[in-house]
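Colleague: So you can see what is in the structure, the chains are spelled out below.
Protein chains: 2
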Amino acid sequence: MKPYSKMSKEELQQEREALEKKYEDAKAKGLQLDMSRGKPAAAQLMICRDMLDAINGSSDLNSSAGQDCTNYGVLDGISDIKELFAELMEVSPKNVMVCGNSSLNIMYDTISRSVTHGVMGSTPWCKLEKVKFLCPVPGYDRHFAITEHFGLELINIPMGENGPDMDMVEEYVNKDEAVKGIWCVPKYSNPTGITYSDETVKRMAALKPVAGDFRIFWDNAYALHHLYEEEQDTVLEILAECEKAGNPDMVYEFCSTSKISFPGAGVAAMVSSEANLAEAKKQLTLQTIGYDKLNQLRHARYFKDADGVRAHMKKHAEFLRPKFEAVLKVLEQELGGLEIGSWSTPKGGYFISFDALSGCAKAIVAKAKEAGLVMTGAGATYPYKKDPQDSNIRIAPSFPTPEDLSVAAEIFVLSVKMVSADKILALK
Amino acid sequence: MKPYSKMSKEELQQEREALEKKYEDAKAKGLQLDMSRGKPAAAQLMICRDMLDAINGSSDLNSSAGQDCTNYGVLDGISDIKELFAELMEVSPKNVMVCGNSSLNIMYDTISRSVTHGVMGSTPWCKLEKVKFLCPVPGYDRHFAITEHFGLELINIPMGENGPDMDMVEEYVNKDEAVKGIWCVPKYSNPTGITYSDETVKRMAALKPVAGDFRIFWDNAYALHHLYEEEQDTVLEILAECEKAGNPDMVYEFCSTSKISFPGAGVAAMVSSEANLAEAKKQLTLQTIGYDKLNQLRHARYFKDADGVRAHMKKHAEFLRPKFEAVLKVLEQELGGLEIGSWSTPKGGYFISFDALSGCAKAIVAKAKEAGLVMTGAGATYPYKKDPQDSNIRIAPSFPTPEDLSVAAEIFVLSVKMVSADKILALK
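Sequence lines, in order, name chains X and Z.
One point on numbering: in the working numbering, the residue at position 420 of the first sequence is 426, and numbering is uninterrupted.
One point on numbering: in the working numbering, the residue at position 236 of the second sequence is 242, and numbering is uninterrupted.
Bear in mind the hints are in silico, worked out from the structure with no lab data behind them.
Accuracy of the hints is not assured; some may be wrong.
The list treats identical chains as one, so a pair stands whether inside a single copy or across any two.
Stated by the list, open to error - No more than 30 Å apart at the CA atoms, straight line, and that leaves these computed lysine-lysine pairs for DSSO-like:
{"no.": "1", "residue 1": "K288", "residue 2": "K392"}
{"no.": "2", "residue 1": "K181", "residue 2": "K12"}
{"no.": "3", "residue 1": "K100", "residue 2": "K310"}
{"no.": "4", "residue 1": "K288", "residue 2": "K250"}
{"no.": "5", "residue 1": "K100", "residue 2": "K429"}
{"no.": "6", "residue 1": "K392", "residue 2": "K287"}
{"no.": "7", "residue 1": "K136", "residue 2": "K310"}
{"no.": "8", "residue 1": "K375", "residue 2": "K288"}
{"no.": "9", "residue 1": "K288", "residue 2": "K391"}
{"no.": "10", "residue 1": "K214", "residue 2": "K138"}
{"no.": "11", "residue 1": "K391", "residue 2": "K287"}
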């Protein structure tokens, strides 16, 4: 295909008219499609259903350590589930605290505690003139929303192929006392799909923060969410790296089974140094008597061990892989060579990240919506929902059925082409 | 029995020696007993087990309103569980938000949000010089601990037979702008077991707070927790009363199934005006994508309706009633007429409240502990763990086996007698 920018004005105008016709045809169908949400499809979740039979009314409902899962108590998780998370996250059970169903909730609470009570004796962030938080972009909107909600100043850090721009991270963290944290999705990052390189992890762990209460918020949400059996990204275990670099308390890691078992009915964990967990527990004990231990037991009994989880994840991949491939195929076929957009080809996670021509993302999302396709709002992958280039669009291929997905991808590329053609025509 | 204070010095010394002997005998047994925790016994929880069969891997896992309980979404609870709580709490489902497993967590989060973001546009409490919170005493230690944690100034309000001293409550709330809330357990109060009279509820609802962000924290933890079929306390529905009095947004009500289904694996709800719930949800949507809808569905399917819950509560009462009666019998037999203590005879809830002679509570709890009986720490029922009279002791008869309970009650009364005799002897 000839790049749009290399076409003559007449050629591009013709192309634009042909696109318009196709678009009107699609619009006339009155479709209702959704590629906005990183959630599993209903059919995919059927593979988790037998977890509900892992415990029943006549089961032994004690943990392996003899903890009664039907009664109050055990704030930081029953022995079995701690061991499972420890094995999965490659740490010791003493570095694991298992909570309720939402890792986002643990992150929110961790920020909230820092705001009201500080971190290990530091000044509460709400008492400080200014608190800054680093946000690798594009990134996860819900991360940014939490820190925005508490009035922190969010700073964009560009993401590259190997993770955040570490020169810039070091510049901020090692020189500015107001910088208190950074959001990271180290593996199959939301939305770019990249995985932090070993060098990135090592530099992250070796930061020399001016602020004693600086923490890395390491949201390992897609740790086990591979699309391919033969090609899997790996990321260095961050707790050990921080320990080696003399920063044992610098990281909070978060993970959950939300996209392993049931979204919303899974279990979530915080992984950190014993000192950090002790501090968290001291405050959590005021917030709750304990989390749902029966659901923890249900998970532990069902999966048995890390291999059980890994085997289960292969079943998820069977659903997700063809969806990713279907979208990527349409992108390649329809946009390849046009030079009006680039996209990621992730090996795992839940997203494809699309970069349109500068200034086109909002218009593309609006165009798609007009034809019945809901995309994640343009800008959502940036703090304050402001993408300075108006370029990034997050594509979530997991939820629609395979049939809907091809149609959705067609509408998306049509929208990209039309908006891009308009932009280039305006310059000719 | 002759009151200790009316005994001659010699009589009381003889009594004291006899007590000492019994106490040493008890101590020699090396007992390990616990009357400190308001939690159900293991045997009692067996009656809830078939709830785990209410849904399984082949169940329809959609709510009645068609909400998919296996996936993300539905922040404020599925239709079925909202309707169940609405029926139980005598309100409309639109006044119900169902969350995770812990009502304490909802209360903590509600206070935390007020501290960091204010209430409906009011100044965040963390930005105020002073925030005061009213604490009816004796009361629930975990309530007091939350507000203490956020640095609020806690003010003791004496509890009477009909609830908190409303003259004092009105004096504070209607005159002092720094007073932002009050903790209430309106039914089978923790620990006194009393239920607020209609007049108390009406006066509470008719408060004219100076602070626009004053809220009643109405922890209806024991709404359905009757000990007797024929003698049940009732409490006026507070939302309607507040509405009638022109204060529709003045109350947050909290409840849970923690002592109905499984402690720790139940569901909890906040009941309030639509405006209050809308504000809570606006912030909760940043904190979590949603709570465990499968557990909500499990509860709704198991109980079916309010009558289902009430029938289930009768089974709990079968376990609890004899335990309360066993302790009360020992108290009456061993302490009746001695004038060294008074105690409540609740019709529901989880506690018996004991008032020792002034200055004796700590010594009694210590004495009991020495003989192997753990009681709730003296002072725990007061803010800052400071009982100004050193008099109140919370007795929790629910957890020990019936056999252990009689032994525990004997050790308790022995401890009361010894410490009281010492006090009276010192004055003779």
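Colleague: All the hints need checking, so say for each whether the structure fits it.
Modeller: Against the structure, the hints:
1. In the homo-oligomer, the alpha carbons of K288 and K392 lie at most 30 Å apart only across protomers (21 Å), although the nearest pairing inside one protomer, at 37 Å, exceeds that limit.
2. For the identical chains of this complex, K181 and K12 are neighbours neither inside a copy (46 Å) nor across copies (76 Å), given an alpha-carbon limit of 30 Å.
3. Only within a single protomer do K100 and K310 lie at most 30 Å apart by alpha-carbon distance; the minimum there is 19 Å, versus 41 Å between protomers.
4. Taking the shortest alpha-carbon separations for K288 and K250, only the intra-copy value of 26 Å comes in at or below 30 Å, while the best inter-copy value is 42 Å.
5. In this assembly of identical chains, the alpha carbons of K100 and K429 never lie at most 30 Å apart, being 56 Å within a copy and 48 Å across copies at closest.
6. Only between protomers do K392 and K287 lie at most 30 Å apart by alpha-carbon distance; the minimum there is 24 Å, versus 36 Å within a single protomer.
7. For the homomeric pair K136 and K310, neither the shortest alpha-carbon distance inside one copy (46 Å) nor that between copies (52 Å) is at most 30 Å.
8. In the homo-oligomer, the alpha carbons of K375 and K288 lie at most 30 Å apart only across protomers (25 Å), although the nearest pairing inside one protomer, at 48 Å, exceeds that limit.
9. In this assembly of identical chains, the alpha carbons of K288 and K391 lie at most 30 Å apart only when taken from different copies (17 Å versus 35 Å within one copy).
10. For a Cα distance limit of 30 Å, the shortest separation of K214 from K138 inside one copy, 16 Å, qualifies, whereas the shortest one across copies, 41 Å, does not.
11. Proximity of K391 to K287 under the C-alpha cut-off of 30 Å is restricted to the inter-copy arrangement: shortest distance 20 Å between copies versus 33 Å within a copy.
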